[in-house]
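J.: Given next are the chains, with one letter for each unit.
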Amino acid sequence: MSGREEMLQSANSLEHYSNQIRLAAEKRAKTSMAETVAEVIALIDAGNTLQLMLEGSEGLDDFGRTSLKLSLAPGSLDMSRRHYKLHELLQYEDHEFIWNAYRALLKRAPDESGFRGFLGRLRRGERTKIDLLASIRYSPEGRRKHVSIDGLLSKALVSKVIRSVNARR
Amino acid sequence: MYEALRDLAEVRIFTEGSALTLPQIEPTSRLKGFLANPLDILIYHWAAEWEPVKRLLKTECKIVIKYHNITPPHFLDPYCSDFAADCDRGRQELGSIARSHCDLFLSDSQYNKDELIAAGADESKSFVVPPFHHVDRLEKVGIGLPNGAGLANGNFTVCTVGRIAPNKAHADLIAAFAIYHYDYNPRSQLVLIGKQEPRLIKYTVMLHGVIRRLKLERSVIFADNVSDRELKAYYDAADVFAITSQHEGFCVPLVEAMAMRVPIVAYASTAVTETIGSAGLVWQARDPQLMAESINAIDTDQSLRKALIEAGRRRYEQHFANRRIAEQLIDTLGNFLDH
Chain S
1 MSGREEMLQS ANSLEHYSNQ IRLAAEKRAK TSMAETVAEV IALIDAGNTL
51 QLMLEGSEGL DDFGRTSLKL SLAPGSLDMS RRHYKLHELL QYEDHEFIWN
101 AYRALLKRAP DESGFRGFLG RLRRGERTKI DLLASIRYSP EGRRKHVSID
151 GLLSKALVSK VIRSVNARR
Chain W
1 MYEALRDLAE VRIFTEGSAL TLPQIEPTSR LKGFLANPLD ILIYHWAAEW
51 EPVKRLLKTE CKIVIKYHNI TPPHFLDPYC SDFAADCDRG RQELGSIARS
101 HCDLFLSDSQ YNKDELIAAG ADESKSFVVP PFHHVDRLEK VGIGLPNGAG
151 LANGNFTVCT VGRIAPNKAH ADLIAAFAIY HYDYNPRSQL VLIGKQEPRL
201 IKYTVMLHGV IRRLKLERSV IFADNVSDRE LKAYYDAADV FAITSQHEGF
251 CVPLVEAMAM RVPIVAYAST AVTETIGSAG LVWQARDPQL MAESINAIDT
301 DQSLRKALIE AGRRRYEQHF ANRRIAEQLI DTLGNFLDH
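Protein sequences appear in the order of chains S and W. No gaps in the numbering here: position 148 of the first sequence is 148 in the numbering used here, and each next residue is one more. No gaps in the numbering here: position 330 of the second sequence is 330 in the numbering used here, and each next residue is one more.
Heads up, some of the hints might be wrong.
Below 16 Å or equal to it, Euclidean Cα-Cα: the simulated EDC-like pairs (lysine to aspartate or glutamate) are [what the hints assert, rightly or not]: (1) W:LYS215 / S:GLU39; (2) W:LYS202 / S:GLU39; (3) S:LYS145 / W:GLU16; (4) S:LYS107 / W:ASP88; (5) W:LYS195 / S:GLU112; (6) W:LYS202 / S:GLU58; (7) W:LYS215 / W:ASP183; (8) S:LYS107 / W:ASP82; (9) W:LYS215 / S:ASP150; (10) W:LYS215 / S:GLU35; (11) S:LYS27 / W:GLU10; (12) S:LYS107 / W:GLU51; (13) W:LYS202 / S:ASP111; (14) W:LYS62 / W:GLU10; (15) W:LYS202 / S:GLU112; (16) W:LYS306 / W:ASP224; (17) W:LYS306 / S:GLU58; (18) W:LYS215 / S:GLU15; (19) S:LYS107 / W:GLU49; (20) S:LYS69 / S:GLU96; (21) W:LYS58 / W:ASP103.
Residues of chain W placed beyond 12 Å of chain S at every Cβ, according to the derived structure [stated by the list, open to error]: (22) GLY154; (23) LYS195; (24) SER278.
Everything labelled a hint here was simulated from the structure, so no lab data went into it. This structure is a prediction, so every number in the text was calculated from the model and none was measured. Think of the CB as a built atom: it goes at the ideal place given N, C-alpha and C, for glycine as much as any other residue.
Go ahead and model the full structure; you've got the sequences and the hints to work with.
T.: What follows is the structure in structure tokens.
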């Protein structure tokens with residue numbers, strides 16, 4: 001049998017199965033679960049998802065809860081500014097530091113790989129907060145956004161020199 | 001694509017960001033020097049807004065656009081306005097890129113190609129070449145699930161693969177699974193495999209809310225950041241691959257499911273329908289009862305199950321194996337270079 005004939009036969013047999021499935025679904029009596037499902041879908045379709053989010057947040061781990069908090073209320077840092085003082089960004093810690101650094105320097109929320117990568121390096125002590133701010137600010141995307149941070153460049157250079165001296169030891 | 005082309009020409013990959021840690025990949029700052037010759041070809045993989053592309057399109061070399069599509073912002077806006085704005089900017093470039101003097105437009109699917117042509121791309125320069133994928137790599141690795149993966153042995157397993165993002169409409173799949181689980185087969189589980197993005201945490205949390213509301217906490221499993229071995233183990237455990245996505249430019253996981261011999265059931269949408277072709281059950285109506293009945297039919301009717309598995313594997317080998325895609329790519333590029 002040629003490939004085309006096989007495809008045709010497969011399409012015909014699938015149509016037969018599809019008809020059987022459609023009939024079976026129509027005959028089946030609606031259950032209470034089907035009604036609950038319809039209510040949930042209607043909530044989402046209408047954009048009324050806040051209650052579902054509140055119910056969903058109960059099962060979150062620490063990472064999820066922090067991300068949710070930052071997503072709902074990203075903090076007092078005004079991300080529309082083009083100029084920051086270093087201490088404004090350094091005041092945050094851990095998740096919150098990475099989140100605000102992205103928003104201030106790249107004008108967007110962090111993507112998954114960047115967020116996890118930077119957080120891992122910060123937590124393992126491989127990079128300081130200054131190093132990470134410099135990585136973000138002087139990345140190609142950061143250069144395009146061209147946000148200025150007072151004192152970042154000199155402190156980042158000192159940190160880089162210290163790191164290279166330590167690596168040689 | 002790199003593998004397919006590297007025996008024919010010097011191929012280099014340029015990117016920004018975290019992918020730079022991979023071998024053979026260079027920063028985009030070196031791109032301009034590389035494209036010094038008008039006979040060079042730049043293949044731009046377009047799946048997001050990227051400001052420097054405007055300058056790149058003015059270089060002297062030949063330019064090929066590989067269009068993977070960009071998620072329409074209205075899906076993302078309720079959960080992350082920054083992300084929606086990024087996608088909006090990306091989609092606003094659609095017209096200018098489509099109407100630019102690119103030499104060739106390669107789209108992952110007919111759906112993407114139609115979108116480019118509607119935006120002004122020259123139809124005579126537009127072709128469909130499916131995206132390359134990692135099935136060859138998956139076929140070579142062993143299977144292995146991490147401790148605490150949460151899969152219950154012996155339970156009927158429905159799985160889906162794709163990032164946890166609102167255009168995938170996971171809630172519709174959870175809803176259909178709830179009907180299947182409670183009304184047909186309580187010894188069943190749903191595995192949602194895909195990256196969870198911090199910026200889409202509100203969407204992920206909303207899905208957890210749906211799961212709690214439908215009392216499925218013990219039967220729905222999220223699998224984030226899976227390795228090749230883990231992904232293969234999930235496909236190996238899966239009895240059905242189900243997808244309810246509302247926007248796909250192609251949908252590579254469908255190809256993986258076909259190759260891994262997992263029967264497919266889907267709601268028709270965007271490029272999902274053409275990627276599946278006649279190798280899966282595809283429903284025009286987004287009806288959870290119909291989806292549940294389909295899952296039940298695959299569970300209980302062995303002839304249907306066998307027909308879907310065979311049709312899927314055949315479609316994979318005839319249309320989507322990497323060697324087939326490489327042939328299409330090389331033919332298309334070859335014709336383009338001959339003119």
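J.: Which numbered conditions among the earlier hints are violated in the structure presented, ordered from lowest to highest?
T.: 2, 9, 11, 16, 17, 18, 23 and 24
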